[in-house]
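Number of protein chains: 2
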Amino acid sequence: MPTIECVPNISEGRRTEVINSLATTLRAVPGLRVLDVQSDATHNRSVFTLAGTAEAMAAGIPKLFEGAIAAIDLRTQKGEHPRLGAVDVVPFIPIEGVTMAACVALAKAIAAEVAQRFAIPVYLYEEAAANPARKNLEDIRRGEFEGLSAKMAQPAWAPDFGPAAPHPSAGASVIGARMPLIAYNINLATDRLEVAKKIAGAIRMSSGGLRFVKAMGIPLADRGIVQVSINLTNYEKTPIYRVFEMVKREAARYGVQVLESEIVGLVPSAALTQTAEYFLQLEGFTAGQILENKLAE
Amino acid sequence: MPTIECVPNISEGRRTEVINSLATTLRAVPGLRVLDVQSDATHNRSVFTLAGTAEAMAAGIPKLFEGAIAAIDLRTQKGEHPRLGAVDVVPFIPIEGVTMAACVALAKAIAAEVAQRFAIPVYLYEEAAANPARKNLEDIRRGEFEGLSAKMAQPAWAPDFGPAAPHPSAGASVIGARMPLIAYNINLATDRLEVAKKIAGAIRMSSGGLRFVKAMGIPLADRGIVQVSINLTNYEKTPIYRVFEMVKREAARYGVQVLESEIVGLVPSAALTQTAEYFLQLEGFTAGQILENKLAE
Numbered sequence: 003m004p005t006i007e008c009v010p011n012i013s014e015g016r017r018t019e020v021i022n023s024l025a026t027t028l029r030a031v032p033g034l035r036v037l038d039v040q041s042d043a044t045h046n047r048s049v050f051t052l053a054g055t056a057e058a059m060a061a062g063i064p065k066l067f068e069g070a071i072a073a074i075d076l077r078t079q080k081g082e083h084p085r086l087g088a089v090d091v092v093p094f095i096p097i098e099g100v101t102m103a104a105c106v107a108l109a110k111a112i113a114a115e116v117a118q119r120f121a122i123p124v125y126l127y128e129e130a131a132a133n134p135a136r137k138n139l140e141d142i143r144r145g146e147f148e149g150l151s152a153k154m155a156q157p158a159w160a161p162d163f164g165p166a167a168p169h170p171s172a173g174a175s176v177i178g179a180r181m182p183l184i185a186y187n188i189n190l191a192t193d194r195l196e197v198a199k200k201i202a203g204a205i206r207m208s209s210g211g212l213r214f215v216k217a218m219g220i221p222l223a224d225r226g227i228v229q230v231s232i233n234l235t236n237y238e239k240t241p242i243y244r245v246f247e248m249v250k251r252e253a254a255r256y257g258v259q260v261l262e263s264e265i266v267g268l269v270p271s272a273a274l275t276q277t278a279e280y281f282l283q284l285e286g287f288t289a290g291q292i293l294e295n296k297l298a299e
Numbered sequence: 003m004p005t006i007e008c009v010p011n012i013s014e015g016r017r018t019e020v021i022n023s024l025a026t027t028l029r030a031v032p033g034l035r036v037l038d039v040q041s042d043a044t045h046n047r048s049v050f051t052l053a054g055t056a057e058a059m060a061a062g063i064p065k066l067f068e069g070a071i072a073a074i075d076l077r078t079q080k081g082e083h084p085r086l087g088a089v090d091v092v093p094f095i096p097i098e099g100v101t102m103a104a105c106v107a108l109a110k111a112i113a114a115e116v117a118q119r120f121a122i123p124v125y126l127y128e129e130a131a132a133n134p135a136r137k138n139l140e141d142i143r144r145g146e147f148e149g150l151s152a153k154m155a156q157p158a159w160a161p162d163f164g165p166a167a168p169h170p171s172a173g174a175s176v177i178g179a180r181m182p183l184i185a186y187n188i189n190l191a192t193d194r195l196e197v198a199k200k201i202a203g204a205i206r207m208s209s210g211g212l213r214f215v216k217a218m219g220i221p222l223a224d225r226g227i228v229q230v231s232i233n234l235t236n237y238e239k240t241p242i243y244r245v246f247e248m249v250k251r252e253a254a255r256y257g258v259q260v261l262e263s264e265i266v267g268l269v270p271s272a273a274l275t276q277t278a279e280y281f282l283q284l285e286g287f288t289a290g291q292i293l294e295n296k297l298a299e
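Protein sequence lines, in the order shown, are assigned to chains A and B. Heads up, the final residue of the first sequence is numbered 299 in the numbering used here, and it's a clean run with no missing numbers. Heads up, the final residue of the second sequence is numbered 299 in the numbering used here, and it's a clean run with no missing numbers.
In isolation and in its complexed conformation, chain A is listed as follows (with noise of 0.2 Å):
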């Protein structure tokens, strides 16, 4: 079965009946999945992990606005996490059998109908941004609900969908599609932080380093050890394992070795399978190879 991954982002982590409520909608809508759900009260803020079909998503998501809009009021929610919207970022991420082109068009789709629907001003982002000074949520949410409606006064942050001014209590929302992001650490046999600093400058694009790949250099004191701390924000084009060997030179350039490395949370199964093939340097080798994907056929 086609699947999507959607990780919307809501501005309520404290009250729990509201966060349930919402979950229990979501967890009601046919073909839906509410894998995970993480709530930071300190962030006053909570992160839905669902899986399912596009009709599952066009059909839940709209419910899911509806629910936060009415529960969630911006001028008096507050929390250390920078936010735009009641609802305020909702990516769509192709999981299998999935093109990015439908999770694009998808996005699309629903942007549409919840501006409309709830009067809210709507960004697209990343794979689903209109120009590139929208592909990254950092800029589109730079001056957070206080200072959207100066923001959205300048013509260039005009919203993709619905009107041109803020939602009074619900702000506006960011709605995309994006590649699944790997969360990658590898650590280093030093306690030498300035290694981890310059190892996470080489191989980050920021400072001229590779494409997909967001790093840094930080201490982990109770060790004793430094860690380059990576996220890869598409390993289809910047594979896991040309980020390990490029951070595995860059160390020995320093007379320092990978200690070890890990992986955080969830990783698609294909990143695995191209680190194995790479090293393994595999011909010819096709997922229908893989003995699970022949029984789940």
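A hint or two may mislead.
For chains that are exact copies, the list does not tell them apart, and a pair is met inside one copy or across any two.
[Stated by the list, open to error] List time: in silico SDA-like cross-link candidates among lysine to any residue, alpha-carbon distance up to 20 Å:
#1 Lys110 <-> Ala135
#2 Lys296 <-> Glu98
#3 Lys199 <-> Glu247
#4 Lys250 <-> Leu297
#5 Lys296 <-> Arg16
#6 Lys296 <-> Thr51
#7 Lys296 <-> Ile97
#8 Lys250 <-> Phe281
#9 Lys65 <-> Ser208
#10 Lys250 <-> Asn187
#11 Lys239 <-> Val100
Simulated from the structure, these hints should not be mistaken for lab results. Computed from a predicted structure; not experimentally measured.
The hints should help you fit chain B onto chain A, whose structure is shown.
Positioned in the frame of chain A, the structure of chain B alone reads:
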């Protein structure tokens, strides 16, 4: 859902009406899936690939015996492939949510049942073997159907279940449990066959190599290169990456490089995951972190 794979081999590869009728019988068993049927006229043998629960296997395999014993007479059957019985060999393979111990128990239960119902002698092999002399299929099958009467007259070859003499037309059957087998080839950037043969000798158990490796060196004449052709009989205990690295090291000793490798047919996902874990030096990784597994929960 707990999944067992079963790959029964029957001694009929020519009469499509017999093969199709057996496949139809198996497909009609609730919970039993027929993933593949491969017939070879020269070998006069067919291989069914089945998947399902223990209950589905217990319901389906006796039906396969019933149909095959009625249709196949080894007194007239001829083919290139060695065989002992109409249903020649039936291995059960743990795939998901099932232990090897459960597959061994299933093999013994089904062996006891078919031996009694069809008055056929059954030998247990591989992980289900009652003693080391019966672990290898080749040892049990040596002498074939034609030599079976004489072989069974020896006390050492009394069957594990069933009568002490062959079934007149259906011979004997071999039933057991084993790990999934991986067919894995490594191509070398050379035409020197002696290098492939020496490497095969170095890595295979029979000449002092790794416990779960069978290997031989062969020429790929049309490409002007040679291949180390490998069967990995337990990838958990002898992982693919260890075999690959060993071949690479041994090849270097002859000034030869690995050109590429290939997996023939199916491979369990875990064999690729363990490879990625090894080369990326991944710590603390669990199968629960694979997105597709999370979705399948």
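Each hint, compared with the structure:
| no. | hint | verdict |
| --- | --- | --- |
| 1 | Lys110 <-> Ala135 | within (17 Å within a copy, 67 Å between copies) |
| 2 | Lys296 <-> Glu98 | both (14 Å within a copy, 13 Å between copies) |
| 3 | Lys199 <-> Glu247 | within (17 Å within a copy, 32 Å between copies) |
| 4 | Lys250 <-> Leu297 | neither (37 Å within a copy, 33 Å between copies) |
| 5 | Lys296 <-> Arg16 | neither (44 Å within a copy, 27 Å between copies) |
| 6 | Lys296 <-> Thr51 | between (26 Å within a copy, 11 Å between copies) |
| 7 | Lys296 <-> Ile97 | both (17 Å within a copy, 12 Å between copies) |
| 8 | Lys250 <-> Phe281 | both (14 Å within a copy, 11 Å between copies) |
| 9 | Lys65 <-> Ser208 | neither (38 Å within a copy, 65 Å between copies) |
| 10 | Lys250 <-> Asn187 | within (13 Å within a copy, 28 Å between copies) |
| 11 | Lys239 <-> Val100 | within (17 Å within a copy, 36 Å between copies) |
Violated hints for the displayed structure, listed by number in ascending order: 4, 5, 9.
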